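Asks: Generate coordinates for the entire structure from the input sequences, incorporating the hints supplied.
Here's the letter readout for the chains.
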Amino acid sequence: MVANVFFELTEAFNAERPTVALAAGQAVVFYRLAIMSKDGDWIVRESNDACDRVLSVLTNRGAHYRPSPPLDPRWLAGGWSSHFEFYDDRHRRVRCDFMSRPPRVARATVDAIFERKHESPLIVVDLESLIAMKRTQRAKDYAVIGALATLLPPDREVEVTSDPDRLLALAPIVGPPKTRPRLVEAVTRGERRAIVIGLAEEIDDHQQRDRRRVERYQAAAVRYLEAARAHPLGELPLEEAHQRLLEDAERFLPTHLPVEDDDDAE
Amino acid sequence: MTMLSDDDLNLRHMSREELDAAWDLWFDLAQTTNDHDPPYTHGVFADGEGARAVVMPSLRESAFSIVVGLDDRRAAETTLLANLKKHETDVRALLDNASSHWGYEDLIYRFYHQSFKVFHLQSQTTAIVGCLENLMPDRPLHPWFQAIVAQGTGHTFTTEDNRHWLEVSRPVLEAFFHARFFLEMAARYAGLESPPSPMPSGYAALLYLYQLR
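Line order of the protein sequences matches chains R and W. Quick note on numbering: the working numbering labels position 258 of the first sequence as 258, and the sequence is numbered without any gaps. Quick note on numbering: the working numbering labels position 202 of the second sequence as 202, and the sequence is numbered without any gaps.
FYI, nobody ran anything at the bench for these hints, they're computed from the structure. Note that the coordinates shown come from a computational prediction; the quantities given were computed from them, not determined experimentally. Even for Gly, the Cβ is constructed at its ideal location relative to N, Cα and C. Watch out, some of these pointers could steer you wrong.
Calculated from the model, a selection of chain W residues having no Cβ within reach of chain R, i.e. all distances over 12 Å [as the list claims (entries may be wrong)]:
id, residue
1, ASP24
2, THR33
3, SER99
4, ALA147
5, SER194
Facing chain R, from chain W, some residues (calculated, C-beta under 8 Å) [as the list claims (entries may be wrong)]:
id, residue
6, MET1
7, LEU19
8, TRP23
9, ALA30
10, THR32
Replies: Here is the structure:
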């Protein structure tokens, strides 16, 4: 039987204990909304044993690092992500990305994912965290947010949906959103055009905030990039590549960037 | 408001096995674009030499990637318009043939007549695809189009095919129809001096063919 390699990998990572939660595009597939990503993204538990488990599974798959910070709690805790790639038995490229501090998601929410009792090793990020992670610079993610939101209870959908018609439909049932200042007045008055404008402004806020966040990391990674370029990562065994990147990161990559409001969980 | 298409939302009604099968098929098709993936994906900052990259914080393209991607696409679209103009004579000649009595009307009739001559459409499909590829030699055609053409060409008729007529002949027709459609759009928009705004659907389809949209 065919299987989604990213679902299967999630089960492998979590075979011994909760280690990762499937996120981003493959989580959208899990929630049966759209197939629109060919990479896998996971939230990894921020610990040495979780990183070791991921590296072990990836080593068995013949994966190699893509130039990226080492999969190590020190850099994961600073918001960096680690990236890998391998080819499956049908010679299909499988890219795997890991982070432990997804943007815009509270630390306690991430911790709760791994503390919760799971009946299946196919652990997937919860809907509201997934929605928060989707508030990126890409316009199409806001369509996905609107669709994901419909899977939430009405009182939560009204707080996150990107669909003006859903806001209008939900307001008489649960009232206007409590956490969306740009929309409260328009929703209360039932003015669709004002809601549309408020949503557009809200989306632009999210996009600009994410852009500033990425640019700060981009600037902080310049020297590390130069060092990482010196390694033939595609040819090195994963363990050796990991050690080399650790050495580079300790020299050139700050574990934490100065905290800005933009990074705070919402 | 419709946020996602019906095709997307149909996933909701699939069993786990059906979802896995659909995803598996999609993943196969998606491999055809690996070499042409944008340099920035999931926050990875590639330097233009394949595997060399440094990671940005989790998820999605940076502002820079969006600018670079748009510039590349605009440049490629300008090349497409220039090449449409340059090859307009060839495109129109091929379209004339694919619209003629013996190159079009008769061969579609042969499908309903259950004649092996319907398979002659394959040579036209192949010629049209060659012409379309020649318009943008450096860009792979859309993977769905490639899949449709692969299933509708290279077939040699045997009498056994008469027992499975629809099964074997419909992919041939489908491939021809798709190829002819794009050829027709290439001819229709060959006179453009610059990208049209608003964008006509046929022109937008052409952009999809060359993965510029």
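Asks: If a hint holds in the structure, say so; if it does not, say that too.
Replies: Hint check results:
{"no.": "1", "hint": "ASP24", "verdict": "violated, 4 Å"}
{"no.": "2", "hint": "THR33", "verdict": "violated, 9 Å"}
{"no.": "3", "hint": "SER99", "verdict": "holds, 36 Å"}
{"no.": "4", "hint": "ALA147", "verdict": "holds, 15 Å"}
{"no.": "5", "hint": "SER194", "verdict": "holds, 24 Å"}
{"no.": "6", "hint": "MET1", "verdict": "holds, 5 Å"}
{"no.": "7", "hint": "LEU19", "verdict": "holds, 7 Å"}
{"no.": "8", "hint": "TRP23", "verdict": "holds, 5 Å"}
{"no.": "9", "hint": "ALA30", "verdict": "holds, 4 Å"}
{"no.": "10", "hint": "THR32", "verdict": "violated, 11 Å"}
Figure legend: structure checked against the earlier numbered hints; hints not met, in rising order: 1, 2, 10.
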